[in-house]
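Asker: Work the whole structure out from these sequences, hints included.
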Amino acid sequence: MTMPVTQCIIKLHEERHDLEDYQGGVPRWCSGCGDNAILTAVQRLCRDENLAPERTVFVSGIGCSSRFPHYMKTYGFHGLHGRAFPVAEGIKMARPELKVFVNTGDGDCCSIGAGHWIHAIRYNMDMVVILHDNHVYGLTKKQASPTSPIGFKSNTTPRGSYLEALNPLTVTLGVQNVSFVAQAVDWVPELLFDIINAAYHHKGFSFIRIIQRCPEFLPKVFEPWLADPAKTLILTHKDGLTLSPETARTYKNQLAHDPADIDRAREIASSEDPIPVGILYRNPDVPCYEEVRHAGAMRTAAQLRAGLDAELDRVTVWPRS
Amino acid sequence: MHASVSPRPPLEKEALVLEEHIVEVISDSGEGAQRCGQSLGAIAAKMGNGIWTTEIIPAEIQPPARSVAGASGIRIRIGSGPVTNGGDETDLVVAFNEQVLLGRVSAGELKPGATILLENSWREHRDPKVVASYLETVKMLKEGGFRLYELPLEAACSKLVTDPRRGKNMFVLGILCEIYSLDAKTAHDQVALTFGKKDAKVVKVNQGLVDAGRAWAAEHIDFKFRIPAPAVKEPLVVVNGNTALGLGVLASGMDICSMYPITPATSTSHYLSECFERVGGMVHQAEDEIAACAFAVGASYAGRCAVTITSGPGYSLKQEVIGLAVMTEIPLVVINVQRGGPSTGQPTKAEQSDLLASTYGSHGDAPKVVMAASGIEDCFYSVITARKIAETFNTVVVLLSDASLATAQQPFPRPKFSEDWMAPPIDQTPVPEGMKPYDWDPVTGIARRFVPGQPGGMHTLTGLAHDRASKVAYDATSNEEGLRHRSLKLAALQKTLKTPEVFGDRTGELLVIGWGSTKGTIEEAVARARKEGLAVSSMHMKYIQPMPSGIREILKGFERVMTVETAWSDLPEDELIDEDNRRYSPLALILRSRFVVDIDCWGQARGQPIKPGALLEVIRKKLQEPPR
Numbered sequence: 454m455t456m457p458v459t460q461c462i463i464k465l466h467e468e469r470h471d472l473e474d475y476q477g478g479v480p481r482w483c484s485g486c487g488d489n490a491i492l493t494a495v496q497r498l499c500r501d502e503n504l505a506p507e508r509t510v511f512v513s514g515i516g517c518s519s520r521f522p523h524y525m526k527t528y529g530f531h532g533l534h535g536r537a538f539p540v541a542e543g544i545k546m547a548r549p550e551l552k553v554f555v556n557t558g559d560g561d562c563c564s565i566g567a568g569h570w571i572h573a574i575r576y577n578m579d580m581v582v583i584l585h586d587n588h589v590y591g592l593t594k595k596q597a598s599p600t601s602p603i604g605f606k607s608n609t610t611p612r613g614s615y616l617e618a619l620n621p622l623t624v625t626l627g628v629q630n631v632s633f634v635a636q637a638v639d640w641v642p643e644l645l646f647d648i649i650n651a652a653y654h655h656k657g658f659s660f661i662r663i664i665q666r667c668p669e670f671l672p673k674v675f676e677p678w679l680a681d682p683a684k685t686l687i688l689t690h691k692d693g694l695t696l697s698p699e700t701a702r703t704y705k706n707q708l709a710h711d712p713a714d715i716d717r718a719r720e721i722a723s724s725e726d727p728i729p730v731g732i733l734y735r736n737p738d739v740p741c742y743e744e745v746r747h748a749g750a751m752r753t754a755a756q757l758r759a760g761l762d763a764e765l766d767r768v769t770v771w772p773r774s
Numbered sequence: 005m006h007a008s009v010s011p012r013p014p015l016e017k018e019a020l021v022l023e024e025h026i027v028e029v030i031s032d033s034g035e036g037a038q039r040c041g042q043s044l045g046a047i048a049a050k051m052g053n054g055i056w057t058t059e060i061i062p063a064e065i066q067p068p069a070r071s072v073a074g075a076s077g078i079r080i081r082i083g084s085g086p087v088t089n090g091g092d093e094t095d096l097v098v099a100f101n102e103q104v105l106l107g108r109v110s111a112g113e114l115k116p117g118a119t120i121l122l123e124n125s126w127r128e129h130r131d132p133k134v135v136a137s138y139l140e141t142v143k144m145l146k147e148g149g150f151r152l153y154e155l156p157l158e159a160a161c162s163k164l165v166t167d168p169r170r171g172k173n174m175f176v177l178g179i180l181c182e183i184y185s186l187d188a189k190t191a192h193d194q195v196a197l198t199f200g201k202k203d204a205k206v207v208k209v210n211q212g213l214v215d216a217g218r219a220w221a222a223e224h225i226d227f228k229f230r231i232p233a234p235a236v237k238e239p240l241v242v243v244n245g246n247t248a249l250g251l252g253v254l255a256s257g258m259d260i261c262s263m264y265p266i267t268p269a270t271s272t273s274h275y276l277s278e279c280f281e282r283v284g285g286m287v288h289q290a291e292d293e294i295a296a297c298a299f300a301v302g303a304s305y306a307g308r309c310a311v312t313i314t315s316g317p318g319y320s321l322k323q324e325v326i327g328l329a330v331m332t333e334i335p336l337v338v339i340n341v342q343r344g345g346p347s348t349g350q351p352t353k354a355e356q357s358d359l360l361a362s363t364y365g366s367h368g369d370a371p372k373v374v375m376a377a378s379g380i381e382d383c384f385y386s387v388i389t390a391r392k393i394a395e396t397f398n399t400v401v402v403l404l405s406d407a408s409l410a411t412a413q414q415p416f417p418r419p420k421f422s423e424d425w426m427a428p429p430i431d432q433t434p435v436p437e438g439m440k441p442y443d444w445d446p447v448t449g450i451a452r453r454f455v456p457g458q459p460g461g462m463h464t465l466t467g468l469a470h471d472r473a474s475k476v477a478y479d480a481t482s483n484e485e486g487l488r489h490r491s492l493k494l495a496a497l498q499k500t501l502k503t504p505e506v507f508g509d510r511t512g513e514l515l516v517i518g519w520g521s522t523k524g525t526i527e528e529a530v531a532r533a534r535k536e537g538l539a540v541s542s543m544h545m546k547y548i549q550p551m552p553s554g555i556r557e558i559l560k561g562f563e564r565v566m567t568v569e570t571a572w573s574d575l576p577e578d579e580l581i582d583e584d585n586r587r588y589s590p591l592a593l594i595l596r597s598r599f600v601v602d603i604d605c606w607g608q609a610r611g612q613p614i615k616p617g618a619l620l621e622v623i624r625k626k627l628q629e630p631p632r
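Sequence order for the protein chains is A and B. If you read the first sequence in the working numbering, its first letter stands for residue 454, the second for the next number, and so on. If you read the second sequence in the working numbering, its first letter stands for residue 5, the second for the next number, and so on.
For the record, the hints were derived by calculation from the structure and aren't laboratory data. Keep in mind that this is a model prediction, so the values were computed, not measured. We put the beta carbon where it would ideally sit given N, CA and C, even for glycine. Take these hints with a grain of salt, some might be off.
Straight line, CA to CA, 25 Å or less: simulated DMTMM-like cross-link-like pairs of lysine to aspartate or glutamate [what the hints assert, rightly or not]:
#, chain 1, residue 1, chain 2, residue 2
1, B, K475, A, D474
2, B, K535, B, E93
3, B, K189, A, D766
4, B, K201, A, D766
5, B, K440, A, E473
6, A, K656, A, E643
7, B, K420, A, D766
8, B, K420, A, D762
9, B, K237, A, D762
10, A, K526, B, D431
11, B, K625, B, E577
12, A, K691, A, E502
13, B, K440, A, E468
14, B, K440, A, D471
15, B, K163, B, D131
16, B, K202, A, D766
Partner residues are not named here, just some residues of chain B that face chain A (Cβ under 7 Å, in silico) [claimed, not checked]:
#, residue
17, P239
18, V241
19, A306
20, T464
Answerer: Set out below in structure tokens:
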């Protein structure tokens, strides 16, 4: 195995970073928007892990949550609606040494980009994927999304939405090569950070669905969960979350769940009430597509010349001597 | 009663010397006619002949046997000098059954009096209907003035192999080698190369079939041809257009090719999948066309320029991502091997109808470079140029080929690798303080691109309107600044382009303008017309957008100008069509709008390359019309 030139450089200038080094522009999300909590947790992760801002890339699609890269002071790619995954995959394939994060919303990931989502799970490329799931299209002003609860009255469903909500966890857990699935909620910041941290330390496609509030268009939908901590089911395990005493005191509804158990993970994922929070599934042994495909291989002019000549030899007509 | 491979002395015959000949081998799908024809072409090329092969491909993998629509085959034009196109109608055809042949006859693909070699096992088929159909066709062909020979292919091959259906093609290759006086050793070598991946026994059996076919023809065919060829003086490569594109990708220094299977582009990716990894590259088969394009954009953004390869429907799907690359100024090469359209259209057939979608496609003002390969050799070099342009100008380069080049083979001088073809290393130097990601040069519109890994270059690239700092900006000034500089880059490239050469005199009665795959055909037709004394010249366009300078002056030298394109345009003779509503073919439309000159167009969308003879006829007629 050859090491990409860029990786050799990494060790040369280690420097410590503080939170400010990751803070881009002032977020333009609505006040009370769950995206703010996610941004705070992610910036903290970057600082704690001392990620080099120039070697970190946040990739997003289109939607409220996809504004995320603009508020980071790293490299960012704010692309097209639904297409964050293939862009992120191309980045990772070209430069496997970069830290790649994907920010996507329930419309971006589960609707217009659903095809890419399924295949991104299969590729299992090493990246942290944050599904900002607020159950509604925000940027286009209140239309039902695939994860909107049935009966939700929106501008396109004035008499209530017609279909049962799609469950992003069960879908993800149903795809071959799934390697990491977790769920967080924006109203328990400590666990939100712990989960993002666990996702970062998993090598592979680390999928976190974060249920977040949209105070503008769906202000009341999560009130029952906020009012009653028992409606949140915290998954604990030595290989998953361990709770601080304060959190353990508030959230008494706990379940020991081994993230290696995919059957149990699928059962837990099916529950919408209580909402499970924690690491549902983790399998560190699933191969990453970029490694299977030898991403980052070095190439030299000599190698290219030899390769081209070998190919041309097969189809050359030589002058007769 | 069947003639067999018996040791009979060869017939006394003297080879008739020909300037060129067009041969066709046609069969049901899966009987190997294409492999036979490709081998014949390669053998002739190795002898020093000019060749051009054109495949006849049914859309289905296994179309019904013995059906007119299921005809699968290949046409090989062999000449004593260089051959630049598929030529006119066929001189000699080998058909494995009468139905596939009938399709070619009724389409007018055979010259009057052409020689037909037809498999005769159908005479004794157990189904009387098949026998009747065969006999009726034989009678009709004889009455139609064709020179018919019946071949006992199956009977002869069944003595050599267990499944004659799978051996016929090499037996036929032997017959053709004998007819065209092609060298036996070269034929053996070619068979070894063709079956090289399989074991030596397979090679031996097939060489045996070729020898048997040759012996049979020597005994039973009463004519023989020779197409003299100059000795090969420099090394030549013989590949089809799609392989040439693949070799171009290999040589261009790109290392990621992202694609989704689509006809007729895919064989380029098949080829690359075989060899790209050996030089550190990779082919990514994405989940769909959009993802293939977005993956390439992501790879280009973070590393070296990447390429995505597709055909018409896939190109339509990529349009939004292409717009993103234009907006964010990410270098990207998009290869579109065009096919018949619209919609699913004619997947295996040639057309040049994606020019407008390529030039003006993607919503909003999305300026991008559009260039077209004019032949097999040009497929190779165009990819290298496309990558260079994309990286120099941080822009999208659309390279157009089409189904007629995709499978056509033509020899060209073996390329010599140059280190200049390699992409530069990924820039990882720190970005000087104060530099912005879109510091557009006021003259050229070019800005230095910041790549992840460069300290101090952190920014979020966005498909939204943005200012020089890559910050989302909705104000009028920023928006127009972006539009202006992205557009200026095309002008900057344009200043470096050479004026296309005029084939023939620079003044005359008629100038024919073409682009892409039609170059050889147009120049042959024009050369033939000029020999008749007609004052016609032609010009071929490689760059459609931007268009090089000097064309306006060239147009002035001619009384009439007409484009020739493998694309549809309204027919002036149709009742409702007049100058107010006529839809012109793509290049004519572009030239008319740029030069405000009354440029006419002629084209065909028959699914196959335009024939030089058909174009010659059009040129003659055109010159008889009064100027418009």
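Asker: It remains to establish, for every hint, whether it holds in the given structure.
Answerer: Each hint tested on the structure:
1. Taking the CA atoms of B:K475 and A:D474, the gap is about 18 Å. The hint holds against a cut of 25 Å.
2. Taking the CA atoms of B:K535 and B:E93, the gap is near 20 Å; set against the 25 Å cutoff, the hint holds.
3. Only pairs whose Cα atoms come within 25 Å are accepted, and B:K189 paired with A:D766 is accepted, the gap being roughly 19 Å.
4. Of the supplied pair hints, the one linking B:K201 and A:D766 holds, its CA atoms being roughly 16 Å apart against a limit of 25 Å.
5. For the proposed pair B:K440 and A:E473, the alpha carbon gap of about 20 Å is at most 25 Å, so the pair holds.
6. Taking the CA atoms of A:K656 and A:E643, the gap is about 22 Å. The hint holds against a cut of 25 Å.
7. With a CA separation close to 12 Å, the supplied pair B:K420 and A:D766 stays within the 25 Å bound.
8. This hinted pair checks out: B:K420 and A:D762 have alpha carbons roughly 8 Å apart, not beyond 25 Å.
9. For the suggested pair B:K237 and A:D762, the alpha carbons sit about 19 Å apart, so the restraint of at most 25 Å is met.
10. Restraint check for A:K526 and B:D431: satisfied, since their Cα atoms lie roughly 20 Å apart, inside the 25 Å limit.
11. Using a Cα cut-off of 25 Å, the hinted pair B:K625 and B:E577 holds, with the two alpha carbons roughly 14 Å apart.
12. Between A:K691 and A:E502, the direct Cα distance comes to roughly 21 Å. Compliance with the 25 Å bound is thereby established for this hinted pair.
13. Our distance criterion of 25 Å between C-alpha atoms is met by B:K440 and A:E468, whose separation comes to about 24 Å.
14. A C-alpha spacing of about 23 Å is found between B:K440 and A:D471, which places the hinted pair at or below 25 Å, so the restraint holds.
15. Between B:K163 and B:D131 the CA atoms are separated by roughly 23 Å; this keeps the pair inside 25 Å, and the hint holds.
16. For the hint linking B:K202 to A:D766, the alpha-carbon distance of about 19 Å falls within 25 Å, and the restraint holds.
17. A hinted interface residue such as B:P239 counts as satisfied when its beta carbon comes closer than 7 Å to some beta carbon of chain A; here the least separation is about 5 Å, so the hint holds.
18. With 7 Å as the threshold, the beta carbon of B:V241 comes within range of chain A, its nearest partner Cβ sitting at about 5 Å, so the hint holds.
19. A hinted interface residue such as B:A306 counts as satisfied when its beta carbon comes closer than 7 Å to some beta carbon of chain A; here the least separation is about 4 Å, so the hint holds.
20. Here the hint on B:T464 is kept, as its CB sits about 3 Å from the closest CB of chain A, short of 7 Å.
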